[in-house]
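J.: Below, each chain spelled out in residue letters.
Protein chains: 4
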Amino acid sequence: MDFAYDAKTEELRDKLLRFMDEFVYPAEPVAERQLADAEDPWARPAVLEELKAEARRQGLWNLFLPDPEHGGGLTNLQYAPLAEITGRSPHLAPEALNCAAPDTGNMEVLAMFGTEQQRKQWLRPLLDGEIRSAFCMTEPDVASSDATNIATSITRDGDEYVINGTKWWSSGAMNPNCAIFIVMGKTDPDADRHRQQAMILVPRDTPGVHVKRGMHVFGYTDASHGGHAEIVFDDVRVPADNLIAGEGEGFAIAQARLGPGRIHHCMRLIGIAERALELMCRRAISRVAFGRPIARQGVVQEWIAESRVRIEQARLLVLKTAWLMDTVGNKGAHTEIQAIKIGTPLMAEWVLDKAIQAHGAGGVSQDFPLAELWAAARTLRLADGPDEVHRMSLAKRELKRYL
Amino acid sequence: MDFAYDAKTEELRDKLLRFMDEFVYPAEPVAERQLADAEDPWARPAVLEELKAEARRQGLWNLFLPDPEHGGGLTNLQYAPLAEITGRSPHLAPEALNCAAPDTGNMEVLAMFGTEQQRKQWLRPLLDGEIRSAFCMTEPDVASSDATNIATSITRDGDEYVINGTKWWSSGAMNPNCAIFIVMGKTDPDADRHRQQAMILVPRDTPGVHVKRGMHVFGYTDASHGGHAEIVFDDVRVPADNLIAGEGEGFAIAQARLGPGRIHHCMRLIGIAERALELMCRRAISRVAFGRPIARQGVVQEWIAESRVRIEQARLLVLKTAWLMDTVGNKGAHTEIQAIKIGTPLMAEWVLDKAIQAHGAGGVSQDFPLAELWAAARTLRLADGPDEVHRMSLAKRELKRYL
Amino acid sequence: MDFAYDAKTEELRDKLLRFMDEFVYPAEPVAERQLADAEDPWARPAVLEELKAEARRQGLWNLFLPDPEHGGGLTNLQYAPLAEITGRSPHLAPEALNCAAPDTGNMEVLAMFGTEQQRKQWLRPLLDGEIRSAFCMTEPDVASSDATNIATSITRDGDEYVINGTKWWSSGAMNPNCAIFIVMGKTDPDADRHRQQAMILVPRDTPGVHVKRGMHVFGYTDASHGGHAEIVFDDVRVPADNLIAGEGEGFAIAQARLGPGRIHHCMRLIGIAERALELMCRRAISRVAFGRPIARQGVVQEWIAESRVRIEQARLLVLKTAWLMDTVGNKGAHTEIQAIKIGTPLMAEWVLDKAIQAHGAGGVSQDFPLAELWAAARTLRLADGPDEVHRMSLAKRELKRYL
Amino acid sequence: MDFAYDAKTEELRDKLLRFMDEFVYPAEPVAERQLADAEDPWARPAVLEELKAEARRQGLWNLFLPDPEHGGGLTNLQYAPLAEITGRSPHLAPEALNCAAPDTGNMEVLAMFGTEQQRKQWLRPLLDGEIRSAFCMTEPDVASSDATNIATSITRDGDEYVINGTKWWSSGAMNPNCAIFIVMGKTDPDADRHRQQAMILVPRDTPGVHVKRGMHVFGYTDASHGGHAEIVFDDVRVPADNLIAGEGEGFAIAQARLGPGRIHHCMRLIGIAERALELMCRRAISRVAFGRPIARQGVVQEWIAESRVRIEQARLLVLKTAWLMDTVGNKGAHTEIQAIKIGTPLMAEWVLDKAIQAHGAGGVSQDFPLAELWAAARTLRLADGPDEVHRMSLAKRELKRYL
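Residue numbers (full-length UniProt numbering), protein chains in the order written: chain S, 1 to 403; chain U, 1 to 403; chain X, 1 to 403; chain A, 1 to 403.
It is worth saying that the hints were derived from the structure and are not from the lab.
Computed from a predicted model, the values in this text were never measured in an experiment.
Hints are supplied without guarantee of correctness; some may be wrong.
As the list makes no split between identical chains, a pair holds if one copy fits it or if it spans any two.
Unchecked claim - Pairs of lysine to any residue residues, derived as SDA-like cross-links and limited to a Cα-Cα distance of at most 20 Å, are as follows: (1) Lys396 with Asp146; (2) Lys396 with Arg296; (3) Lys15 with Ala143; (4) Lys120 with Asp353; (5) Lys396 with Gly332; (6) Lys8 with Gln117; (7) Lys15 with Arg57; (8) Lys400 with Glu278; (9) Lys400 with Val389; (10) Lys8 with Pro125.
Chain S on its own, in the form it takes in the complex:
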């Protein structure tokens, strides 16, 4: 259990912290103005491309990818504190470093399971930050935490696969730069429970793909993450070569994709919580009510202290999980991945709620990032399966020790 930041991590942290101070934080108000002026509600701010260029120039690029050829070559434990830092400016920093969901997961899938042709066609431009991608798994009509519920069909027809079904919460798909979807569906509904599914690459402009609308989260479009699209696939035909890994491999790919995806979310949530705590402290110091700064009110002090205690605990569990993934593999870290999936969003939600309260009515508004970040944290109690499913599963494994 060695979570120390090694020399490489420290060096990247220093570089990244400087990058945040010099480029990212100053770009926040710029981005806000650019978005306010944009006509396309899904457009990304122009300043982002500048940040991307700068990050790439500095070697702060694709850090998430363990493969040293294409990415940072970092372990999870090395990447964790960097992802945390990007969480402090979650609408700009992850994308600036080409480390934003869902591209990260999609690039991992292509790097691990893609054919050379698939990697050349889609992984390369993703790695270069030229296009973006979406992941199409959740469906509107069923509880998708149970993978056997998936209703989208992927049917072989000669040299092609035909895709039919409806997805929603396809994150990233509203982004104008989004060019490619990874779609989960069933190639064989009669196979074993976890061999029914497959994943296939569907270019966004394929005939029959109908991007219907973006789903909102607590009133936000989440445009900074490319939104969450509802998409109808209506007799969509793609070459058979677009299948990833093979028929029946979909569940295994999904599992491989989820582990890193979850921990990345949790790492960033630590950074989000840190930023919320900083904002809460600054506000408490500057805001005067009944003759003294609210920082001197006992209740506000309780929020601050309790936030610090919760953040510290959550961060350590995330780091331990990263370390376990590195040392015993994602499967060996299964319990811990679930534990942080359960604990971290709740922690961040709690800290954000108190930070909002300390900001008064401003806290729920667009004048501070807190309300939108709260919505993101709250939504992560549902994304990738509701907490309740994870708790049930974690409990069953705990109980097994005594059976």
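Fit chains U, X and A to the given chain S structure using the hints.
T.: Below, chains U, X and A without anything else, positioned relative to chain S:
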């Protein structure tokens, strides 16, 4: 402590429940479509005018106003169960009955404190649902729960008052039909703590009034409540006759206005929570995961049971508060008004959070009303003063019993 | 929904409040000394007999019993505020008024279901406060919230019934004055689920009755309630006439007994919480830390305010439940009885926890009544079935509305 | 941040785990019987001496003491996982290893600050487990979390010091083997805030020492920890050489003593929580209600999962704190020591509460260790200063970063 619904209440409840079933609930999807098609993001749906006409025809109009001449002539206890019912469709029903905030509070102020001229010019069209109004009290730069912080000035200059200052969270002011503002400011900053303030009527189209933007609550514009505007008053001049009640009366008017306003919010929150519980139950019955409806999961059952327990308790305290206001006056009900201001939003927030969780990702989206209602309930922990201020005040009164 | 205290209630409340001030509170330290000096750890303090005599003299006797011939002739709603007051001194006041559990429930059973002979032999001395009784239902080896689990047998053998089995948590049985047990067992394990059980009267001194030990609750023997005994029934023979109501009637009697029993507990818990809040306030005023009374600390004020809000809500739901039991019967009040069984102990536990915290280390000690009262409130989350069983049952009824 | 268990730790863990299995757990029922049969309620069970002998023989002795000459020579990080293990049998294991509070803290004080004579006379027999000791700091009449409140006087009179005052919660002092007290008092009430206090050694049999009674915690005497005595010091005279370190050093010694004391408590609490979770799982598997083991109920699964998440987080923060104390010193670890003081008892209390609930009524009784352990965990929210004081202090330090 008699909270029984008397004959008049029962009759109105029956009528209102029928009105909800026949007109309001069917109008919900209509309104949604109309809003989606509207060009003005602040427009109200056309169907609302039909609902208003029908409600007025049925005598379900201005029920909130205790004055029998202009309103329902109901006690708080008689009005409470009716307001609760409107809370079940909070974006349509309160306004359909001309019982929506902030007009209700503004009409009360005019009915109680307005001159005949003021009542004729502004109260009459408000009572008729022809115009709407806004209440401008909170300011961006100070903790407004402390009334001495108010910085807007109302300065006598001959036959006029000149108003300078900035307000935000002026609810209702973004509504295109909003014609009149009640503005709180200081006429004498050197007077006693609670004699510095005054309220004045400012038509929305007065030169120098700059409605800058609508504040968001968790991504929502709250357009159904006329939004929450930031307004700059820049040397705004109105006739001296526009002053309500007199210089130095502002704090007293605000206090008189807040009691009923708070209880109306709480009544509607009970209805909101009931609707959330109904949606949670229906969803739990219809949603299947891992082979059985989630209604059979113990955790979901806990949410449902606990919701019922909390709703029942909150409703009774709201009813007791209404009864106290009727029997010993708003001042005598001070503790209870604070108690429901503290307890009811928290209760509704809790129930809504669980209902959202039972809905999966859909719960946070625009496909169900839950997320938006949650945002409203959460915001009420800040509106009219944050919970913490009310708890402090309530505790001090409790402690006084032993001093 | 009329919870007003009528004239009779007000008169009794006045009388009882005076009785508390003049006799009960002054007797508290006396009782404590007498108990400290007593050799028998199960002895009751001598001062209690004086309190009983005085209460009886004043007509504050057997108020719990709705039967006007033997008891107070009060409705549940009339009795509720009186029971609440006795809860403020829970180790003396209920017994002083002959209104202590489990005698109350046992007297109700005998009054409702007993034969004339049974009533003469056991109800009469119970009503006179000459003997005490115990209720033997819970068993150590099974989850007794599921009545079909009960393993004790009651077998007919000629003119006698033979009882075999082990009970625990037989409250009251350690009291030296306890003379009679009501024992639940099975007369026909093959009958329908709710027709297998019967109740039978077993004098404590019957051969084969072995009172093994008193169960502790968090270190307390609960001697003031006669403890909670583990009892072995080893071929215990009693006359067949000792059966109450008939074979197969046990479940129905248990149900009839539980409703009032639960609400009495809840009423007293309100009083307990009120006393805890009073102690918390007094302590907060008198205790100085870091230069000022802790009553001026925001966190302590939050505890006090939140306690008041929770107590008010809980009391109203208890009163509504009492009113419902009076007007639509125990069955009609089933949901509310469960709701207060779930909500009231949790409320009292919360208030007591905060009162303890405000008392520092003294709060957990014998120098204040708070820790022992906390243990009692906590235990009521398990007594008469754990909260979880009640929540499950309440949820199922709520869900039925939509099936 | 390297929390890995090194070779030495692993070796000691193996040895200790075997010792627990072979000696400690089997001794638990033996000790219980011996205590039940003992006449002196403060006696320690005979089996404990056997455990001590065995532990010493195996080199599992005085592990807490960093000084390799007298103790284990372990770092905090090495000792932490061992202390956790002893927490699984908290009434026997810590004392069996001569690692029980308050002796540990007292031995540290003597090792760090004692003169050679003091060490010879008192440290030696403590290290040999021949005598035990108490720490007398808290006073009944004042909030002792504020050290300036201390009222006990230590006055020089020739070659002696005269001690007057009343202490309570002097843990360990009821133990028949307790021979020596370390008493905190004021030598100079007019000195600077933190230079007023001193500590002095007072043999328990010194004339004028009156051990009045043991304080209870939730009904328990806590005899396994030597109880918590109220002690009157009435003109108690000891040689001037008994002063530790010097006049005015009392606060500094107390601070030095508290750091390790707090972390030891927290380490053991992790072990307590682990044992509670194990008991909860075992019970859930074996207990059948409504036709299936309660382990299959969703609510119980939530308790188990949430317990695991909370325990993991708390353990990591304790380990980090230990590591910080080793690397940057107790002062550098101040924030973390406070954080675990706040978070760990709350975590353990939560887990224990759920374990109790899963055990039904048995959970609150003497048949399972849960209720007593709960009382210990709850009390630690007050011991060494209430949570609120620590939160306030931690918040102030957090806020300082932005001032």
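J.: Measure nothing new, just compare the shortest in-copy and cross-copy C-alpha distances for Lys15 and Arg57 to 20 Å and report within, between, both or neither.
T.: Within one copy only: 12 Å inside a chain, 54 Å across chains, cut-off 20 Å.
J.: Tell me, please, which holds for Lys396 and Arg296 at an alpha-carbon limit of 20 Å: within, between, both or neither?
T.: Only across copies: Lys396 and Arg296 sit 9 Å apart there, 45 Å inside one copy, limit 20 Å.
J.: Under a CA distance limit of 20 Å, which applies to Lys120 and Asp353: within one copy, between copies, both, or neither?
T.: Neither, since 44 Å and 44 Å both go past 20 Å.
J.: If the cutoff is 20 Å on CA atoms, where do Lys400 and Val389 land: within, between, both or neither? Let me know, please.
T.: Within. Shortest intra-copy distance 17 Å satisfies the 20 Å Cα cut-off; inter-copy 25 Å does not.
J.: At 20 Å max between alpha carbons, let me know whether Lys396 reaches Gly332 within a copy, between copies, both or neither.
T.: within (16 Å within a copy, 39 Å between copies)
J.: From the Cα coordinates, with 20 Å as the cut-off, is the pair Lys8 and Gln117 best called within, between, both, or neither?
T.: neither (33 Å within a copy, 53 Å between copies)
J.: With identical chains, the pair Lys8 and Pro125 could be close in the same copy or across copies; at 20 Å between alpha carbons, which is it: within, between, both, or neither?
T.: For Lys8 and Pro125, neither the intra-copy (27 Å) nor the inter-copy (51 Å) Cα distance is at most 20 Å.
J.: 20 Å Cα cut-off: does Lys400 pair with Glu278 within a copy, between copies, both or neither?
T.: Close across copies (11 Å), not inside one copy (42 Å); limit 20 Å.
J.: Classify it for me, Lys396 with Asp146: is the Cα-Cα distance of at most 20 Å met within a copy, between copies, both or neither?
T.: Classified as within; 16 Å inside a copy, 24 Å across copies.
J.: Quick one: Lys15 to Ala143, C-alpha cut-off 20 Å, is that within a copy, between copies, both, or neither?
T.: Classified as neither: same-chain Cα gap 43 Å, cross-chain 39 Å, threshold 20 Å.
The structure does not agree with the numbered hints 3, 4, 6, 10 stated previously, though it agrees with the rest.
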